[in-house]
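Visitor: Take the sequences, apply the hints, and build the full model.
In case you want the letters, here they are:
Number of protein chains: 2
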Amino acid sequence: MPPKPLLMIPGPTPVPDCVLRALATPMINHRGPEFAALQREVIAGLQQVYRTEGEVLIFPASGTGGLEASIVNTLSPEERVLAVVIGAFGDRYAQIAAEYGVAIRRLDVPWGRAAAPEAVDQALRDDPGVRAVLLTHNETSTGVLNDVRELARVIRARAPEALILVDSISGMLAAPLETDAWDLDVVVSGSQKAFMLPPGLTFVSVSERAWAAHRSARLPRYYFDFTRMRRAMERGQTPYTPAVSLLYGLREALRLILAEGVDAQIARHERLARATRAGVRALGLSLLAEPGRESPALTAVLAPEGISPREIRRRLREEHAIVVAGGQGPLESTVFRIGHLGYVSESDVIATLVALERTLASLGWAVTPGAAAAAATAAVAPVAT
Amino acid sequence: MPPKPLLMIPGPTPVPDCVLRALATPMINHRGPEFAALQREVIAGLQQVYRTEGEVLIFPASGTGGLEASIVNTLSPEERVLAVVIGAFGDRYAQIAAEYGVAIRRLDVPWGRAAAPEAVDQALRDDPGVRAVLLTHNETSTGVLNDVRELARVIRARAPEALILVDSISGMLAAPLETDAWDLDVVVSGSQKAFMLPPGLTFVSVSERAWAAHRSARLPRYYFDFTRMRRAMERGQTPYTPAVSLLYGLREALRLILAEGVDAQIARHERLARATRAGVRALGLSLLAEPGRESPALTAVLAPEGISPREIRRRLREEHAIVVAGGQGPLESTVFRIGHLGYVSESDVIATLVALERTLASLGWAVTPGAAAAAATAAVAPVAT
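Just so you know, the protein sequences line up as chains A and B, in that order.
Per our numbering, residue 1445 is the first one in the first sequence, and the count goes up by one each step.
Per our numbering, residue 1445 is the first one in the second sequence, and the count goes up by one each step.
If you're looking for bench data, these hints aren't it; they were derived computationally from the structure.
Do not rely on the hints blindly, as some may be mistaken.
Pairs involving identical chains hold if they fit within one copy or between any two copies, as the list cannot separate such chains.
The calculated SDA-like cross-link candidates involving lysine to any residue, where the alpha carbons are at most 20 Å apart (straight line), are [to be verified]:
1) Lys1448 to Gly1476
2) Lys1448 to Arg1600
3) Lys1448 to Pro1470
4) Lys1448 to Ser1791
5) Lys1448 to Ala1815
6) Lys1448 to Pro1477
7) Lys1448 to Phe1479
8) Lys1448 to Thr1469
9) Lys1448 to Ile1472
10) Lys1448 to Ala1468
Guide: See the structure below:
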């Protein structure tokens, strides 16, 4: 038997069998009552996940489309936007805004670090005219979790009317996020991360403040227009053909998620991340993320001196059928990333660490056999009382 | 046993079992070699379907997103565009362009008729500065097929450098279309029509003339940007996470389509349309489409005087489990539409006609029992030699 394949990248994540089967549901009329009921159920589920009583819109697109939607629906040309960039996806968010002619002020944070609330506060003091702040919740390129709650608090204190737009594509359901309680205006997530679905859907919450901004926002848009989507959804429809099969999958995934609870999902991700970090450290490796801000969704690992992360990944894939992700952009030759979000278990993490240990040993790196699995297991063992 | 459900709307269409099963394929790394091979195969298949040697790009979006892509990638603000509108989807195409600040000149044709080549020629003579012409191949709201070949010939003769942008979302694979031979610049299609897939993918061909226009086109775009997509595809990747499960389905659907051949698909649609028209006429009903320009993908039927199309659809659905589509916009109270594109057989069409006959009889309309099925069968019977 060849080794069982294990997909350990930060999205797309493995998909549970019942969700895969739901994708294969025969088509229905997207203008009929069955579709309206399907849409109603998944929206209600998304509101629970988002912890919002406001609207959550669904667009048939990748998460990047949701980021674009958050910009083009709330802003006008030349309005000033503070982009807090802590990695490749924060950079993408800023780029999208720049393409649409918004005036970008960047707060660039060294990759591997989280955004400091004081730095964001200072940037807003320096430029009181900022109309919106772009934040990344979980930065997939570096494995760093921003403290969105604290960042939002600082932003609200300094610029009460600024829009807070949040990329939570890889953060939602892996780390705590409270859309209403933290007063976030637009939060974007995507199907292929902790939602345990294939890619192709993006979810976008819209606060009252964001709706008010939307009414005067003049950036051009059609496909991603909030008003067209809201009006159609109110009638149980969509402004154009929805991605029906992915919505069937979403219904099934949300049933799984809500049966266990949102908090349980977040706790599981935190446990998987703790196990991964313990195992990696037991192998003598270092993390890219600053201590205390490590992502619960993925772990970015610095390859040991003299060993290429590409070679580590190649051996994991070819000898163990385990797929981990490479570093992005400037991190390509120094980092590999272990995804542990979505439909991933503790034994998946331990299997990955065991394979990593063997791979490093085969590359001449000194390891204590069994150390990684032992450390990971200990890290998630229940505390004796 | 309850009646077997039959989905007879102009998209989403029924999906073959093997394609449904392919949707349930477990996830892979979208940056890895398996994905590159998958993408290569489906692009080559799309080129065959499109009859082009040029690029066909795939975006994770509904067909409306493809229409938006065709506009924002080739035009600049205030450039003049001739929108040839023969129904609701032509109107949508014009609206998308208008949202982006393009100057629209509309050629409005009464709904139910095709665009006359002379009228398009006259419009181009009246406005020699037209940069692009928007055409609908098959108008889904009225069941009318435009003669794109002849329209393109007239446009090329009068305005050799104008871009010809074509919405072939419901036309591709149902009616002949030759991207290269007819010199079409951007042709948009979508997964949920004759491709026999669920919605969620749009396909966009780009001619050399369109690439040249793209280089100086200044409308803002990110998600739908041609250059980002082309560059990523050249490396076997995508600029953001692709809709992997739908691409697996597409591979399977293209294998089915190409095994039989594109011409065979088109011939099948023509046969289904002929059978539908014959059956509908045998019931004493009239078509919305002008004679000679009826769509091979769907048939828009005028409800008999005094009988509401909504009631016909309700009885078809509740008593026969057959779903047909309503009329759109101004046609809502006069028209219903029978879709016969995608994974639809002659027996599906005949079952629909039989149920329609019974439904009309139950509503007091005089019919000869068996007439619709007999006429449909005769219409597709092989000619004795």
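Visitor: Cα distance capped at 20 Å. Does Lys1448 pair with Ile1472 within a copy, between copies, both, or neither?
Guide: between (35 Å within a copy, 13 Å between copies)
Visitor: Regarding Lys1448 and Pro1470, is the shortest C-alpha distance of 20 Å or less found within a copy, between copies, in both, or in neither?
Guide: Between copies, since 12 Å is at most 20 Å while 30 Å is not.
Visitor: How would you label the pair Lys1448, Phe1479 (within, between, both, or neither) given a Cα cut-off of 20 Å?
Guide: between (37 Å within a copy, 19 Å between copies)
Visitor: Is it within a copy, between copies, both, or neither that the alpha carbon of Lys1448 lies no farther than 20 Å from that of Thr1469?
Guide: between (27 Å within a copy, 15 Å between copies)
Visitor: How would you classify Lys1448 and Pro1477 at a CA-CA limit of 20 Å: within, between, both, or neither?
Guide: Close across copies (18 Å), not inside one copy (42 Å); limit 20 Å.
Visitor: Which holds for Lys1448 with Ala1468 at a C-alpha limit of 20 Å: within a copy, between copies, both or neither?
Guide: between (24 Å within a copy, 18 Å between copies)
Visitor: Go through the copies and call it for Lys1448 and Arg1600: within, between, both or neither, with a Cα cutoff of 20 Å.
Guide: Answer is neither: 49 Å inside a copy and 57 Å across each miss the 20 Å cutoff.
Visitor: I want to check one pair: Lys1448 and Gly1476. Are their C-alpha atoms no more than 20 Å apart within a copy, between two copies, both, or neither?
Guide: between (42 Å within a copy, 17 Å between copies)
Visitor: Could you place Lys1448 and Ala1815 in one of the four classes (within, between, both, neither) given a Cα distance threshold of 20 Å?
Guide: neither (22 Å within a copy, 59 Å between copies)
Visitor: Have a look at Lys1448 and Ser1791 and pick one of within, between, both or neither, based on CA distance no larger than 20 Å.
Guide: Cα proximity of Lys1448 and Ser1791: one copy only (13 Å, versus 44 Å across).
Consistency with the previously given hints fails for numbers 2 and 5, ordered from lowest to highest.
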